[in-house]
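Chains A and B are the protein sequences, given in the same order.
The first sequence runs contiguously to residue 406 in the numbering used here.
The second sequence runs contiguously to residue 422 in the numbering used here.
Just so you know, these hints were derived from the structure itself, not from any lab.
Keep in mind it's a predicted model, so treat the numbers as computed, not measured.
All C-beta atoms, glycine included, are put in the ideal place defined by N, C-alpha and C.
Hints are not guaranteed to be accurate.
To give an idea of the chain B side of the interface with chain A (calculated C-beta under 10 angstroms), a few residues [unchecked claim]:
id	residue
1	PHE174
2	ALA215
3	HIS364
Label-pair restraints from in silico Cβ distances [stated by the list, open to error]:
id	chain 1	residue 1	chain 2	residue 2	range
4	A	ASN316	B	PRO129	24 to 34 angstroms
5	A	THR313	B	THR157	23 to 33 angstroms
6	A	ALA108	B	SER256	31 to 41 angstroms
7	B	PHE209	A	VAL239	17 to 27 angstroms
8	B	ARG88	A	LEU78	56 to 66 angstroms
9	B	SER279	A	LEU78	40 to 50 angstroms
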Amino acid sequence: VSGLAVLAAAVLPAWSPPAHYDPPSCRDCVTEPAPRVAVNARGEAAAVWVDPRGRVRVALAARPGRFGAAATLAARGLRPSAAVGPDGAVTVVWQGAHETLRFARRPAGASRFGASRPLAPGDDATPAAEPGGAAEAVYEDGGHVAAIAISPSGAPGAAVRLGAGGFDRDSTRAAPDGTLAACCIQPVVDDPNVPPDTAEKIAVYRPASGWSLVPAVGHDAIETVFATATELILGTVQVRHRGDAGATGVPGLARLPAAPLRAPVENAGSGLTPNVAIDGSGRSVLVFQEKRRPAAFSRMAPVYASVAAPDATALNRTRLDASQAYEPAVRPLGSGALAVWQRPKASWGVALETTGVFHRIAGPRGPGPTRLGEDFNYAYDVQAAGPYAVLTWVAADGSVRVSELR
Amino acid sequence: MPGEMKPRSGNMRRMTLRAFAFAVAVLLLATCASRAEAGWTAPSVLLRGDGPVLLDTTVRGDGSRLLAIGDGKVALGLLDRSERVVLRSPAVVGEVALAADGSGVALEIRRRAPSSVVAFDAQGVAQPPLALDDRGDATVAISPGGAAVAAWVTRTTAGYEVDAAFRDPGSATFGAPARAGYSTTKDPELHAGIGERGEAVVMWQDNYFPSKLAAAVRLPGAAFSPARYVSDEAIDAQLAVGPGGQAIIAVGQDRSIEVSIKPPGADAMPAARTLDRASSGYTATVAAAGDSRVALAWLAGTSRRGRVQVRVYEGASGLRRVGTLGDRAGGEYLGFAIDAAGAAVLAWEEELEPKGGDPTARAHLGVAYRPAGRRFGAPRHFGPVSIDATPVSTAMGPGGRAYVFYEAFGAGRRVYMTERTP
């Protein structure tokens with residue numbers, strides 16, 4: 001047994017000691033920092049958040065798990081998001097004054113960020129870093145989804161409206177290879193005399209080919225998206241109920257252009273929070289929850305996972321956690337995938353998928369994520385690239401914590 | 001004809017009978033009172049309690065009123081000096097449209113099953129229902145002379161289709177369904193109207209706002225002309241089709257009102273154009289009468305905080321403002337009716353200052369009358385009334401008579417009527 005333990009310790013990745021930042025100065029002034037992270041395949045990472053004074057803050061790790069002191073990018077801002085390029089260049093985008101997106105860049109090898117610049121009118125931006133130092137950001141502009149490029153020299157391009165639409169809680173995702181996926185674009189209907197196009201579109205940006213709009217298949221609600229250079233996968237719900245706590249029904253994954261594969265559930269009205277990825281070996285991965293009993297306004301439920309071959313025609317499931325968990329997420333990691341969720345008592349649930357099978361592993365040490373309520377608050381974020389994953393969260397004391405799996 | 005009603009047991013039967021008998025008596029008294037004095041009559045109680053629902057009203061050529069009501073196990077009853085039961089429970093009536101002679105059409109809806117249209121004569125005798133192949137919204141309308149339209153959304157392999165069937169003048173039955181166009185959803189906001197010769201308009205928009213507003217015109221004896229979008233970003237849209245086949249669509253926006261007017265014989269509704277602007281825009285309603293007359297009323301916020309006017313416009317191919325009434329107008333409904341000569345009645349909810357120490361919102365009913373070719377007179381106020389549920393209905397009668405039906409809570413819910421003679 002001790003031999004196996006030694007072997008496991010040698011093979012399994014481990015979380016770095018969490019770095020912590022910006023605890024509120026008083027117990028009652030815990031805000032919603034909405035931390036976000038980005039990482040590249042060398043383990044270089046960036047964490048961004050809004051501190052209790054409303055400042056946009058960033059902390060960088062030049063080496064896996066070694067996060068340095070936080071820096072301030074702006075005195076006021078909302079919803080910052082980051083991208084780390086293959087060469088280590090970091091781009092941070094947030095919403096500044098007058099509902100205008102701003103961005104700041106730290107070129108590869110530079111010691112600090114340059115001054116921030118206006119990017120475009122809009123909100124809720126997600127950037128993706130491309131090889132060569134460029135970046136692409138997708139964002140909301142009124143009732144439209146729009147995109148804008150940032151050149152390797154840091155010059156913003158012309159904003160492009162991709163179509164009428166908007167984002168939900170978790171409907172934009174950047175992949176390590178620079179692919180961006182955003183949902184959803186509403187179909188264009190301009191003649192009431194012809195049968196209308198009713199398929200929502202997913203906007204996908206690939207560095208090699210630019211933006212394309214991919215029609216969804218079927219009528220399931222699209223909750224999450226993930227795309228790579230060649231694939232697009234959706235986390236869906238065949239909706240039975242829709243309310244303040246989101247949609248519940250039968251979770252599924254749709255690897256376009258195929259129709260959704262629906263996960264096995266005990267009750268067709270009780271599945272929720274589908275989160276999807278294509279793992280490092282090309283398998284489709286779905287994590288989701290299923291409530292054991294009806295519970296209004298609650299998104300707490302056991303966590304399940306389904307892993308399937310690319311050409312699978314059905315899903316099975318395994319239970320990852322029987323406790324009342326919250327907000328599962330899955331990301332590709334190495335040749336497999338990483339699943340993360342919140343557990344009761346401010347603790348983590350973490351599982352690694354290799355060869356199609358999930359195994360539970362320990363989460364980062366110390367205080368885990370706090371519960372910020374059921375109204376879709378961003379208590380944590382996880383991203384992964386190559387063999388590295390970074391997790392950031394809001395601890396119970398209101399501080400932002402960051403840890404890297406390496 | 002209470003004797004025709006099937007025996008029923010319990011409080012519901014007694015309550016329904018009492019409600020009918022009470023309403024009949026009041027209608028008789030109101031008729032006598034209205035003959036005795038000019039101006040607005042003292043409000044008379046038509047319906048009491050939470051049960052009876054006023055579904056539609058009409059005024060006959062002799063000035064007598066007819067009410068369509070639902071009450072408990074009576075899904076649809078006609079009420080004037082007597083009561084006739086058209087449909088009984090378990091039928092559920094969604095909409096009723098009355099012609100000037102008291103005949104009409106009703107939309108009978110069923111849970112998870114297609115709806116049907118029930119036509120009935122002035123005596124309340126129903127024809128066999130016409131089953132609709134609806135999979136979403138449906139609506140009915142009738143002209144004063146009895147031409148009728150039913151419109152509904154059905155599902156085909158191509159998508160959600162907006163269909164309509166017509167009962168042309170002189171015909172006793174509806175014709176074959178015709179396609180007006182397509183909807184992107186199964187439950188659009190659907191409106192229809194029809195003129196005396198069978199000239200009809202069907203209008204629909206997705207049930208999220210703002211959204212595109214489509215309209216299709218059917219000329220007498222023809223198929224639908226191609227549908228077109230009247231507005232790309234409509235919030236609240238209202239349709240009225242006049243006896244001559246003229247039509248008006250009001251498209252409410254946040255800070256403006258747009259209007260589309262079709263003269264008789266035109267085969268399409270034109271794109272909506274801005275008619276007026278305000279610091280904020282609220283409820284709008286439209287009316288049409290005679291061969292070409294159309295009119296519109298709109299709640300428009302002014303630069304004075306909390307002050308909302310009712311602006312009234314009238315015309316034929318174009319509209320001009322003919323009245324500005326109220327000062328603290330509000331609510332979800334505007335009552336508005338015109339006649340062929342241009343007389344008009346307007347009823348709106350006018351907010352009241354809270355009583356001292358009582359923050360409860362209160363409102364009374366503003367009522368104004370415009371004789372043909374003249375200005376609106378000074379408003380009369382009735383109430384307090386039920387907030388956001390009044391006025392219930394307005395109607396114009398022969399000789400410029402006007403009727404306003406409204407709801408108020410006192411010791412309980414009541415529906416009142418007041419009448420004005422020219």
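Evaluated hints:
1. PHE174: With a minimum Cβ separation of about 23 angstroms from chain A (threshold 10 angstroms), the hint on B:PHE174 is violated.
2. ALA215: holds, 9 angstroms
3. HIS364: With Cβ-Cβ at 36 angstroms, over 10 angstroms, it is violated.
4. A:ASN316 / B:PRO129: 24 to 34 angstroms: For A:ASN316 and B:PRO129 the Cβ distance comes to about 50 angstroms; the hint is violated.
5. A:THR313 / B:THR157: 23 to 33 angstroms: Taking Cβ atoms as reference, A:THR313 and B:THR157 lie about 25 angstroms apart, which means the hint holds.
6. A:ALA108 / B:SER256: 31 to 41 angstroms: violated, 52 angstroms
7. B:PHE209 / A:VAL239: 17 to 27 angstroms: holds, 21 angstroms
8. B:ARG88 / A:LEU78: 56 to 66 angstroms: holds, 59 angstroms
9. B:SER279 / A:LEU78: 40 to 50 angstroms: violated, 29 angstroms
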